[in-house]
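Novice: Residues per chain, in single letters:
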Amino acid sequence: MSGVRRLAIVLSICTTLIACTTTTVDEYRESNGQLDMTGKDKVVVLGRRHASDRETEPDFISCIGKEINQAAKVGVVGELEFMNSVYPWFEPRTAPLGLKRMDKMLNQPSIAQRIRSQNIRYMIWVDGNTETTDRKGSISCAVGPGGGGCFGFATWEKQGVYEAVIWDLHDSDEEGRVKVDAHGSSYLIAVGIPVPIIAQVQDQACEGIGRQLRSFFTS
Amino acid sequence: MVKRLLIKGLLIKQRTQLSAILLAALVLTGCATRVDVQGAFPDPVTSQLPVSAVVVFDESFSTHRFERTDTQEVSIIIGHTQVDLFTTVTKSMFREVSFTDSMPAAASADLVLAPKVEEVQISMPYNTHLNVFEVWIKYNIQVFDRSGEPIADWIMSAYGKTPTKFMKSDTKALNLAAIVALRDAGAHFIIGFTQVPEIRHWLDNRAGNMANSPASPPTINPPIASPQKVSLPTADEKQAAL
Numbered sequence: 001m002s003g004v005r006r007l008a009i010v011l012s013i014c015t016t017l018i019a020c021t022t023t024t025v026d027e028y029r030e031s032n033g034q035l036d037m038t039g040k041d042k043v044v045v046l047g048r049r050h051a052s053d054r055e056t057e058p059d060f061i062s063c064i065g066k067e068i069n070q071a072a073k074v075g076v077v078g079e080l081e082f083m084n085s086v087y088p089w090f091e092p093r094t095a096p097l098g099l100k101r102m103d104k105m106l107n108q109p110s111i112a113q114r115i116r117s118q119n120i121r122y123m124i125w126v127d128g129n130t131e132t133t134d135r136k137g138s139i140s141c142a143v144g145p146g147g148g149g150c151f152g153f154a155t156w157e158k159q160g161v162y163e164a165v166i167w168d169l170h171d172s173d174e175e176g177r178v179k180v181d182a183h184g185s186s187y188l189i190a191v192g193i194p195v196p197i198i199a200q201v202q203d204q205a206c207e208g209i210g211r212q213l214r215s216f217f218t219s
Numbered sequence: 001m002v003k004r005l006l007i008k009g010l011l012i013k014q015r016t017q018l019s020a021i022l023l024a025a026l027v028l029t030g031c032a033t034r035v036d037v038q039g040a041f042p043d044p045v046t047s048q049l050p051v052s053a054v055v056v057f058d059e060s061f062s063t064h065r066f067e068r069t070d071t072q073e074v075s076i077i078i079g080h081t082q083v084d085l086f087t088t089v090t091k092s093m094f095r096e097v098s099f100t101d102s103m104p105a106a107a108s109a110d111l112v113l114a115p116k117v118e119e120v121q122i123s124m125p126y127n128t129h130l131n132v133f134e135v136w137i138k139y140n141i142q143v144f145d146r147s148g149e150p151i152a153d154w155i156m157s158a159y160g161k162t163p164t165k166f167m168k169s170d171t172k173a174l175n176l177a178a179i180v181a182l183r184d185a186g187a188h189f190i191i192g193f194t195q196v197p198e199i200r201h202w203l204d205n206r207a208g209n210m211a212n213s214p215a216s217p218p219t220i221n222p223p224i225a226s227p228q229k230v231s232l233p234t235a236d237e238k239q240a241a242l
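Residue numbers (the working numbering), protein chains in the order written: chain X, 1 to 219; chain V, 1 to 242.
For the record, the hints were derived by calculation from the structure and aren't laboratory data.
Take these hints with a grain of salt, some might be off.
Under 8 Å between C-beta atoms, here's a sample of chain V residues computed to sit facing chain X [to be verified]:
no.	residue
1	V45
2	M103
3	A105
4	A109
5	N131
6	K161
7	P163
8	R206
Here a beta-carbon is modelled for each residue, glycine too, at the ideal position from N, C-alpha and C.
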């Protein structure tokens, strides 16, 4: 077996090894039915960024947008696109934290006009983040004239906790909440070549919360 | 034959030395983070104040560079990007605005604004053990009237952070954190400008003077969501004043 072929097999094994992630999704709805949506109505998904020690990841917000947009055919306005269109009113310092403040903003004609022109009916606020909660083990690598290699075992745990709140901008109402808690352990085993077995915690959290949010708009 | 071997040996030695130098350079640059902040800013949604302004971007502001050499060398150039920000923001905020690189002797505008960078602070994940890159910028916005008399020294702080990401470079993360901080500075400037007591007082006085002048009836349109709005006297108030 050639060296290249062997390397290709090792790499393909490495990329297919994915550790397990446990995801719990909780949901609260104001009403049982689906949310009203006309053909032109759109949704914007925004991340909360006012906490000092953490930040809702922009790529997580974009992932949720894709999840809602893909299957439900619900138009989703991009986070940065929206923030730029209403700058500086949805920056971390200025974004409304509650519906009352949002109402006041919508009473300002210039802001309301920018939101209306994009046909945004629902605003979804996502707060939370994914962080490494525990780390154990170690890996050592060495390189010499005859080659190199790694030896050891390391494991770490990640937890992603997020909560999404849906606001209806037409009725100035909260329509529901979805909370997701995902956690998983990743491993790195090295006997010569390091083999990572990674838990896709953030991806699983995105899938869980995205699927549930999608169910608000489609059956 | 011996000569050829000697030359070959010399070449190998030179190559080894060159590789060692390159490797050392790579290791040394790998420890330093240098960011020339790049980004664009959207046109803000705000109402224009009925005043004209001259904005002074002096050299220390337009070429501002922050360097830190404690545990790991970090340097960040924010000068030209903050000029872009203040240009975009002030164009939307004032009826008329012009830009200069030195303090004018006699201003042809109602206000002269001279922003200065007082302090920059950077925090990397290895400093705080948090998974975020942080940038703080403290500005001193000096405001003068037409005759060069100081109106206000407004200390304005801005903050931006961005989460760490697997395989994302420090340079990109720090650039993003700086852009978030500059956007925050813009937001603070737009919303806070008319709330600075001295500036509000100046605007109120000006509005009052203009209201008393029959030649030029003013129409002040305050920035959105400003709790302390610049208001004109109502018709009844004007009548009472007379």
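Novice: Look at each hint and say if it fits the structure.
Specialist: Comparing the hints with the structure gives:
{"no.": "1", "hint": "V45", "in the structure": "holds, 5 Å"}
{"no.": "2", "hint": "M103", "in the structure": "violated, 28 Å"}
{"no.": "3", "hint": "A105", "in the structure": "violated, 34 Å"}
{"no.": "4", "hint": "A109", "in the structure": "violated, 24 Å"}
{"no.": "5", "hint": "N131", "in the structure": "holds, 6 Å"}
{"no.": "6", "hint": "K161", "in the structure": "holds, 6 Å"}
{"no.": "7", "hint": "P163", "in the structure": "holds, 5 Å"}
{"no.": "8", "hint": "R206", "in the structure": "violated, 23 Å"}
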